[in-house]
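First to last, the sequence lines map onto chains A and B.
Going by my numbering, the first sequence wraps up at 563, each residue one higher than the last.
Going by my numbering, the second sequence wraps up at 888, each residue one higher than the last.
Be careful, since some hints might not be right.
To be verified - Take a look, some chain A residues computed to stay more than 12 Å from chain B by CB distance:
| # | residue |
| --- | --- |
| 1 | 58 |
| 2 | 87 |
| 3 | 113 |
| 4 | 122 |
| 5 | 219 |
| 6 | 460 |
| 7 | 481 |
| 8 | 549 |
Claimed, not checked - Here's a subset of chain B near chain A, in silico, CB distances under 7 Å, partners left out:
| # | residue |
| --- | --- |
| 9 | 629 |
| 10 | 663 |
| 11 | 678 |
Everything labelled a hint here was simulated from the structure, so no lab data went into it.
We treat Cβ as the ideally placed atom computed from N, Cα and C, and that holds for glycine.
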Amino acid sequence: MNSTPTPIRPTRHAAWAIWSNPIFRRYCQARLRLRGAGIALLLTLLIAGFIVAMSSTIGGRNQMDPADAARGGIIPLLVVQGLILFVLGTAQVAGGMTAERDEGVIDYQRLIPMSPLAKVLGYLFGLPVREYAMVGVTLPFTAWCLWRGQVGWDVWMPLYAVVLSSAWLYHFTGLLTGTVARNRRWAFLASIGLVFCLYTVIPQMAKFGLVFFKYLTITPVFEESLSGLLPKSAGAMVKAGQRLLPTVKFFNLDFSEAVFTGFSQGGLILTFVIMLCRKWRRAESHLLGKLWATGFFIWIQVLLLGNALPLIEPGNLFPSHGFAGVAQYMWDWKPNPGEAVAMSGIYGLVTLGLIFVLGGIITPSADHQLRGWRRARKQGATALPRLADAATAYGWVGVMALAGAAGWFLFTRALVESHWFPGHVVPLSTLVYFAAVMLSSGVGFQALLEAKGGRAVVLAGILVGVVPLMAGAVCSAVSGMLTTAMWVIGVSPLVLPFFAAGSLLSIADLPEAVVHTVPQAFYVWLGIGVVAMLWLSWRLWAARKAVAGNVLALPPALPANRP
Amino acid sequence: MNRSPSNTHGGPAPAIDIRCLRVDYGAFCAVDDLTLSVPPGEVFGLVGPNGAGKTSTFRVLTTLMEPTYGEVILDGVDVLEDLAGARQVMGYMPDLAPLPSDLKIGEFLEFHAAAYGLGSRQQRRERVAECLEEVALSELSQSWCKELSRGQMQRVVLAKTLLHRPRVLILDEPASGLDPLARRDLRNALRKLADGGATVFVSSHILSELAEMCSSLCVMNRGRLLASGSVDEVRSQLGSTERTLTATLLARQDEAAAWLQSQPAVHDVRLSGPQLVFGFSGSDEAQADLLEGLIHRGVRLRAFEEKRSSFEDILVEVAETNRRS
């Protein structure tokens, strides 16, 4: 054996140099072998060729304009490309990442001297490289259809840019679930579930005033580009319809759908990159740092408000406006005050949900806290750095709760004080109640999680969050028990935003039977919630003090002759 | 890389320096205040039954896990403070040595050579060939990883571990699943690495395996260090002076048996024809005195045999004692 103990000085890999990224090249080697990829590529080639041939043939038989005939193939090709990139690609990324962990080879990759970003990008482009190749096979057909169909670059380029950014967004989702999930089955289910949510469930929030969420899909850009992709006659009709629709507004700025979608998805992609890099740097790290999580929360609030506020005055934000469709222009449409109250409640609930998720991410476990204090002792410190994973997330969640309350208040005030509800105002005192709702639920959740751990939170979530909803629903179905039902339902923190909107807004038109009960239940449960939050905060403070005291009181662990 | 070249005594700094290491998994303590030093150029063994805390210790050493507390210095680099530096000086071969199923051996090694940034493509190929030769697998470079036997897989991963010429090698159960021939090759390979100046830290739950290849070792059980040093030192630290002695006498066996039973440290005296078989748990000096006493009593001793407990027996005994306590 002629090894010498002098380590070879490695050359660093630039993260942006994807082509020379060893992880990317390793997957190119493994997933682009003719034997494995050949059939997939051939099948894609056949499908793409079949689509183009059929659209041309049918167009020719119907004596269509050659350009129109060629355009007929564009959307089916886009669907095939979407299926390959979004479905197969995401599954491959999530499954491949988990397989690495299952097989145990991920430990090797953790130890190789590449930057976390280079590793993340290597996996992002490497794992679905066969899917990229499959889409690559369809591109000549798409190019031919676009050229022959005389589709302008200003139509197809934004569309394909957003297809690519959406694919990266979903691949990052898969990569993250594959990295975090503990086994392959969970990773697969979680990634499919997350992509399903991102693509179908979350965008539905746009119908209830949270317009931003629809920009996580390609739908807005696809709809914007549709007139240019369809045969000219159909495209003209679509274009006429599109003139009735507003452009994307962000506060007072006007954007194209593609630019805003790219902007929205870019922010989320950047956050995923941060999460993955942190996990690659140290497996025990939180997905997000405290500052980034708080910034991300505020950024989401700004996007939600920026998209929603400009749509209130024209009425486009209200669900009934969308449901009324074209008929709205024939009738004297007006929003129902009830939907404004519900939209305010939904905004509050979504904000609370975001606080739960981000607060959960940045809250240190008991192990983390102990490690943090041990390290502080080792370094001779008597306090933890505020941004360290082991530091308390209490204050940061408090900031999120206050920022969320402010966003919720601004949204609600813009709704209620719009020209649709003349004479109604939202007093500043509402902000105090909104803040109390956010703090009692959000900070209470965080304090419980940090002091008592995940099990206590799940138990509390079931007993305080879900059971009252179910019991209240049962009570409400019993004749004469509606009042009781409202009191029971009001226990759940998930209902508090709706009760707040129903109790505090002057436009709220509650049914006679509960017109007094809902506000009473709201004030009582909010008061109890605030007291509970304060008690949990005190428990958390005492628990942290005990941990810190125990660790710092120990004699120095290391002998004095440390080098 | 933050390096501390020597200790305060002026001698060479230990290649591996573990201080007060503790690893908790929730309420379960896997490693409990482990303090250990390994000098450079040693093949140092870590032995203990399953669940002793070997793999947790190794995962902390290899930066794959953050301990609850403690300090680990590898070749002068603080593992908890300088991850990149520690990863550069260390090579890690995990338990069961997994390999990706979709690559050939050569591709797997070239990928790692590239990931470690080992020069040009030609230089990387040369280094891969060198390492394959070191583990005697040159002829299999074009074979699929999934087609290898357990022992061959271990050797491929060892080759991967050697690629960047680490100064500290951390091998978790490297001999598991190897046949005697492969074990001998591994032993020789590790010795050569140590002779070249590398420090090898190797774990196993089979003590005889480690005793063959290590210059010194330590024993862990239930997260605690029970003993460390050379094989004989470890044996004595574990308090195992127990042995079975057999004296073959020409006559007066009954008288000798009666005398032996009255002696301290002697127990379980049995008469079997001309032989007296008895247990003895005293020191070597006490054993010599006992033999001398027997002869002074006029007993004619034809033969004398000593049988010590095997290392495995001692470990089993220690593990059992710990479990009961």
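query = Which earlier hints turn out false for this structure, listed by number in ascending order?
reply = 3, 4
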